[in-house]
Amino acid sequence: ETGVTQTPRHLVMGMTNKKSLKCEQHLGHNAMYWYKQSAKKPLELMFVYNFKEQTENNSVPSRFSPECPNSSHLFLHLHTLQPEDSALYLCASSQEGTSPYEQYFGPGTRLTVT
Amino acid sequence: AQKVTQAQTEISVVEKEDVTLDCVYETRDTTYYLFWYKQPPSGELVFLIRRNSFDEQNEISGRYSWNFQKSTSSFNFTITASQVVDSAVYFCALSEVFGNEKLTFGTGTRLTIIP
Chain A
339 ETGVTQTPRH LVMGMTNKKS LKCEQHLGHN AMYWYKQSAK KPLELMFVYN
389 FKEQTENNSV PSRFSPECPN SSHLFLHLHT LQPEDSALYL CASSQEGTSP
439 YEQYFGPGTR LTVT
Chain B
146 AQKVTQAQTE ISVVEKEDVT LDCVYETRDT TYYLFWYKQP PSGELVFLIR
196 RNSFDEQNEI SGRYSWNFQK STSSFNFTIT ASQVVDSAVY FCALSEVFGN
246 EKLTFGTGTR LTIIP
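For the protein sequence lines, the chains are A and B, in the order given.
If you count the first sequence from 1, position 98 lands on 436 in the working numbering, and the numbers rise without skipping.
If you count the second sequence from 1, position 52 lands on 197 in the working numbering, and the numbers rise without skipping.
These are computed hints drawn from the structure, not numbers from a lab.
A hint or two may mislead.
What the hints assert, rightly or not - Capping the alpha-carbon separation at 30 angstroms, the derived lysine-lysine pairs in DSSO-like fashion look like this:
hint, chain 1, residue 1, chain 2, residue 2
1, A, K379, B, K148
2, A, K378, A, K357
3, A, K356, B, K215
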C-alpha cells in the first residue's frame, strides 16, 4: 500500500463547481506538495507546505486554494476552474531537515474540467 | 535557473533489448542532486535513484544503471534486458541541496517495451 493516498482518483467538474482534492501521507513526513502534470509539460510545483506552513506558492491562480490542517493531510480546494486546468494533480511528501531528501508521490487525481 | 531536458519523448524497444534514457541538466549551483522517477500507468511517481553532484561514480542496481557525467551535465539511465514491466514514463529531476525543496523535472520519456 502506498504511503501517500489521494482521493478522489478521478474527478469531472464543471467550471462553476467547487470541489476539493484530498491527500494523506502515512509516512510521518513534515512537508507536503501539490504538483500539476499536464500532457507534454514538466511537472509543475504548485504549493509546498513545511511543518504546516506554506513556504512556496509557485504563481498559482487563486482559483486553486491549498489547505494543510496538519502534517499528514493536504487539501486542494478548486473553484471556477478553466478547461486548461484539466490535468493530473499529484501530491507528494518528504521529510525536511534531513538531507538528502526524497519525495514520495501519491497516485494522483485525474481532473477534467468541462 | 535550473532546467532538465529529456529530449526523447517516446521510445519503443523489443523485450530483452537494452535501452538508454537521456537526461541533460542546467544549473548554476555547484552542489545539487539528480533524481530519476518512474511513473507506471497507475500514476504515482516511484523514486528510483538520487545522486549527489560530488559523486560521479556510476551506479548499478540489478538491470538498472546510471551514468553521471558532470563534464557534459548528463545523467543517463540504462535498462539492460528490458522487460514489459519496465513500460512507464521516466522522469529525470534536479534539486538544490540546501534550503530549497523544489524539484525541477524534465518532460519525461515514455518507454514502451514490446513483448
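For A:K379 and B:K148, compute the direct alpha-carbon distance and say whether it is at most 30 angstroms. Answer holds: A:K379 to B:K148 is near 13 angstroms, not above 30 angstroms.
Just to be careful, I want the Cα atoms of A:K356 and B:K215 compared with a cutoff of 30 angstroms; is the pair within it? Cα-Cα ~47 angstroms, so violated.
Between A:K378 and A:K357, is the straight-line Cα distance small enough, at 30 angstroms or below? With a Cα-Cα distance of about 26 angstroms, the restraint between A:K378 and A:K357 holds, given a limit of 30 angstroms.
Hint 3 alone, counting from the list given before, is not met by this structure.
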